[in-house]
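Protein chains: 6
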Amino acid sequence: MARVKTGIVEFDKMLRGGFMERDSILVAGPPGAGKTTLGLQYLVNGATQFEENGIFVSFEQMPDQIYRDAATFGLDLRKLEREKKFKLVCTSPDLLIAGDGEHLLDESIGQLKARRIVIDSLSHLAMYVEEKSLRKETYRLLNYLKTKQLTSLSTWESSQIVGQEFSVTEIGVSFLVDCVVVLRLVEIGSVMRKALVILKMIGSDHDRALREFMINSHGIKVSKPFSGFHGIVTGIPRKGR
Amino acid sequence: MARVKTGIVEFDKMLRGGFMERDSILVAGPPGAGKTTLGLQYLVNGATQFEENGIFVSFEQMPDQIYRDAATFGLDLRKLEREKKFKLVCTSPDLLIAGDGEHLLDESIGQLKARRIVIDSLSHLAMYVEEKSLRKETYRLLNYLKTKQLTSLSTWESSQIVGQEFSVTEIGVSFLVDCVVVLRLVEIGSVMRKALVILKMIGSDHDRALREFMINSHGIKVSKPFSGFHGIVTGIPRKGR
Amino acid sequence: MARVKTGIVEFDKMLRGGFMERDSILVAGPPGAGKTTLGLQYLVNGATQFEENGIFVSFEQMPDQIYRDAATFGLDLRKLEREKKFKLVCTSPDLLIAGDGEHLLDESIGQLKARRIVIDSLSHLAMYVEEKSLRKETYRLLNYLKTKQLTSLSTWESSQIVGQEFSVTEIGVSFLVDCVVVLRLVEIGSVMRKALVILKMIGSDHDRALREFMINSHGIKVSKPFSGFHGIVTGIPRKGR
Amino acid sequence: MARVKTGIVEFDKMLRGGFMERDSILVAGPPGAGKTTLGLQYLVNGATQFEENGIFVSFEQMPDQIYRDAATFGLDLRKLEREKKFKLVCTSPDLLIAGDGEHLLDESIGQLKARRIVIDSLSHLAMYVEEKSLRKETYRLLNYLKTKQLTSLSTWESSQIVGQEFSVTEIGVSFLVDCVVVLRLVEIGSVMRKALVILKMIGSDHDRALREFMINSHGIKVSKPFSGFHGIVTGIPRKGR
Amino acid sequence: MARVKTGIVEFDKMLRGGFMERDSILVAGPPGAGKTTLGLQYLVNGATQFEENGIFVSFEQMPDQIYRDAATFGLDLRKLEREKKFKLVCTSPDLLIAGDGEHLLDESIGQLKARRIVIDSLSHLAMYVEEKSLRKETYRLLNYLKTKQLTSLSTWESSQIVGQEFSVTEIGVSFLVDCVVVLRLVEIGSVMRKALVILKMIGSDHDRALREFMINSHGIKVSKPFSGFHGIVTGIPRKGR
Amino acid sequence: MARVKTGIVEFDKMLRGGFMERDSILVAGPPGAGKTTLGLQYLVNGATQFEENGIFVSFEQMPDQIYRDAATFGLDLRKLEREKKFKLVCTSPDLLIAGDGEHLLDESIGQLKARRIVIDSLSHLAMYVEEKSLRKETYRLLNYLKTKQLTSLSTWESSQIVGQEFSVTEIGVSFLVDCVVVLRLVEIGSVMRKALVILKMIGSDHDRALREFMINSHGIKVSKPFSGFHGIVTGIPRKGR
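Residue numbers (the numbering used here), protein chains in the order written: chain A, 1 to 241; chain B, 1 to 241; chain C, 1 to 241; chain D, 1 to 241; chain E, 1 to 241; chain F, 1 to 241.
Hints are not guaranteed to be accurate.
Since the list gives no way to pick out one identical chain from another, each pair is judged satisfied if it fits inside one copy or across any two copies.
Straight-line distance between alpha carbons at most 35 Å, and here's what the computed DSBU-like set of lysine-lysine pairs gives [said to hold, decoys possible]:
1) K132 <-> K239
2) K239 <-> K221
3) K146 <-> K13
4) K13 <-> K84
5) K79 <-> K221
6) K148 <-> K5
7) K5 <-> K79
What the hints contain is simulated information worked out from the structure, not anything from laboratory work. On a predicted model such as this, the values are computed, not experimentally measured, just so you know.
Isolated chain A, as found in the complex (with noise of 0.2 Å):
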């Protein structure tokens, strides 16, 4: 089956070659974990490297801070949607929410012939909506973007930083994705690292393996697995096994 590449190497790898073609990928993390970078390139390097256009949804109400910080990583936004490979779409979420809201992507989608979208972030429905029905809302978003042959990759960001008891999200949602990518802040010599662990890919093997990442300016860069700790999943691992 055809797979949704990422462009982000190693990533890919782990993912057995990408993402699922028209799944819905979660990715979870706390404040500063890269999610919206991951998004980014998601979305950059379809357009760029595998001819596939996509859509930023953002609830900023600041466009411009989003090309501004796309450009650290050397990608050029502007440029991108000039080309018509790329979209940003900043809505609020009420609208997107409201009655048959995700219609408003109806056109955007259409005239990209868009492949990818992404939602940044969950967190931010989750400001409009009871929590029983954010998650009968979330549902009814990502099934419209199936419908739409889309492959999605929606973000959430999580209060918690580091812990013993460990959830993707506080809301319950990871039941209703197809892929959870988990990032972690990890706290080792009194330096927060990052992690980044796919949990659950429905119909694919997929790596394991808590793996460290760094984004510097040219992305996100995974590299090998932590070595020597235990509870890396916890943010406050310690030495041993």
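Since chain A is already given, all that's left is putting chains B, C, D, E and F on it; use the hints.
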């Protein structure tokens, strides 16, 4: 008493031959632990090896994905459907919950003379009812399946990944079922490995070890108990005893 | 004062002879710990060894399963029923709770001249009433059973499997009963072993050890206390002291 | 200032002679820790050794059980009742809480010229009032008892058995009382031993050690502090310091 | 800037001379930690050593007890009252909270030309208002005291005794005060010792050590920091670093 | 891109030059960690070293205290106010929240041509709105400040002091801001030391170490990362790795 074999050899041994006939089984675990795969194998093996036809009730709106996922393990669901040995029922949780919604399964059960059923998942039901009602609705549904002579396997996706405090579900339904199988993700050597344990099995002896299992192209393979660690059940075990 | 023997030899020793007459006993534990088995043995042994007839109140809708399960331990409930020494009452929690629903037990108690009763389980009652009412209803029910000269054993299924913080129940009913027996699952060497401890027994000395027990075809067998571990009560003990 | 002796020699030493006159004392602890026994000894010793009569307010509906339990420690409550030195008042929590329900105690207090009273337990009161009201009602009741010149001892049954996080009660009433005595169950060598500590005693020095105590046929016997462990207060201490 | 000395020599050194004038100070700690004693010493020392008169606002209904308790430390409150240097105001929390209830303190403040005040305790206020209102009411009260040129000390009784997770109060009021002093009970060698730490002091340097303190017949005596333990702030420290 | 320097040399290095222009920064930490001091330094250094005027929005009703506190670090706020480089705005949270209350800042922003603003604190806002609204109101306020070209720093006082489970705020607002700076109190050698870490900074590399800092008469001084401990972020670290 007759045993309902899963066809997963080592797991059937753990069950001392298989599930008890007409029991309701709960399979609980975090995202990516393999609950759906276990459910699919239970049904396909039933149909192909034990002459017991089965129904897979999914609340996913995209049946294609389930066929595709099953194919990963060499399972051809469409062929089984043509042979009237298997049926995939995609429905909405609220239909199943409403009034005597369970009767929408009557016809499928009759056509197949089904003996096995999988409800994937109770977590989806939980989106549509209050917690207290959820327990009552689950109870009613499971009892309905028993009166239909079905051995049912229901899944629950725990939002907790690891933790010192561990409960089977967040909603307290384990006393409603006859058999509880828990899947856990376990961080060892910076890799999220998979553990399986049978916690409860009314009226039968059963294996009590926390065993490692893997999912490969042949499906689920249960191997030997973890060794040299304590706290496997927390997901963040430590070396030693 | 007269003791109500369970017939489980080592357990009766722990109880310094047996339960206190007319006491209400709570048996709490996670799924699969053996609560129902303990209740059944208490009644069958009473009827066959101590000339005390007993009633098993179940909220399961399938009485067959209970007969079947008892048979696993060599207990022939139907025979005892024919001899008027035992009665299985299957009812709905709301019937027992409503108005003076406890009087639906009057007739059975009278017919058998019952001295023992098992309520399996209070967790089922909890589905039908608010938490605060639950305590009051439980209190009323247990007091009713005392006025009927019955020594009652009620079960509660804890949703917590293991944990550093441990409470008898999630609903705070232990102060309503005279005797509290706690069953725990304990992970040792990657196996979930079973522990039993008597926490409370008003008006009597009792064993205070956390003892291992097993369930085999002869029923419950209590053995010696765990040794060489600390934190047995948490379910995730560590080697040492 | 006059001290109200409990008659439990070692405990009175811990209290530097006894409770402070007219103080309200809270005795909190898990099921089976010995709260009721402590209360009974306080009253019986008062009546037989210190010429202070006392009232035991129970919310149990079966007074027989209390007489019986007291007999276990060689206490003949009925004899004391005939001598007008002791009175057992069995009432319902809602009667005591309603309007100025505390005045239902007026007559008993007057007849006995009572100086001591035990309320067993505040947990029963908690079944009949909302949490916020519970604190106000408790406060009103305890103040009423002071105006009657009584030194009162109230019990609270904690639902927590062991735990790293430890609070006196779940309902925050400790600031309403003058003296707080905490009983704990402590797992050492797989046995649940008993600990006692005086946390608070307004206007008096007091022992601050966590001491072991036992209950035998002579009643409560307080012995020396635990030694060689840390975390006694959590109930799951570890060897060492 | 002028310092408001507590007269507890070592504590004043920790405060670099004393509290800041007109600050609002919160003293939080579990039952029995010495909050009221600290408050009383603050006022009596003010009146006798520093010519600053003070008011003690108590929500206890029995003023006698406070006079008695103060006497334990050699403090003669009645004498100070006759000299118009101190006043004990016993009132009800709802009076102080209602409308502009704080003005019931106007007269007392005026008569004494008071410079110091103790509110014992905010926990009592919390019985009469909702949590959100509590913060607003506390804020209003503390601001009123500032406009009256008073340096106020308010107490809060934490229900938590020990625990790995530690918060100053359960109700989040610490951001409303200028200075936060935390008292803790610390289990060392099976004895509950007392610790004191200044967490916050706006506009001033302060000692940051967790120091042991004792209360004897001369009042509070602060000594040197704990040594050789880590986790003092949790109340269940371990030997080592 | 232009950097907004805090003037705290080592901190600016951690920020790779300073905050990003027009970003919204959240500074979260427990009472006494130095949040207000950091905010004041940010503004005063801006006005005196970088020609960027600033506004300090306080919800304290006593402006005097803020002038006084600033003086502790040698900051003369009144002089800066006279020079129209700084303005202290004391208001009530409900005024800022109501309708388009943020416009009450319009005039001050205009007069000063302000480029920097501090909101001290969001915890005060939380007293006046429901949690869900709080997030929306915060979002609206922060967006308003961006449209005014301000680089804003908002503070949040965490009620948790130390703990194994650590979240930036209790209210989940970190996904609404561009930069998250966390201050922690850390118990080492029985002293509460101070730690600072930059968790998130959109569009910029940043230091990821947990660094110690101190506040003396010259203000904040950031020093080197903690060394030889693990679990700094929990506040109760242990020696070793």
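Which numbered hints fail: Hint 1 contradicted; others consistent.
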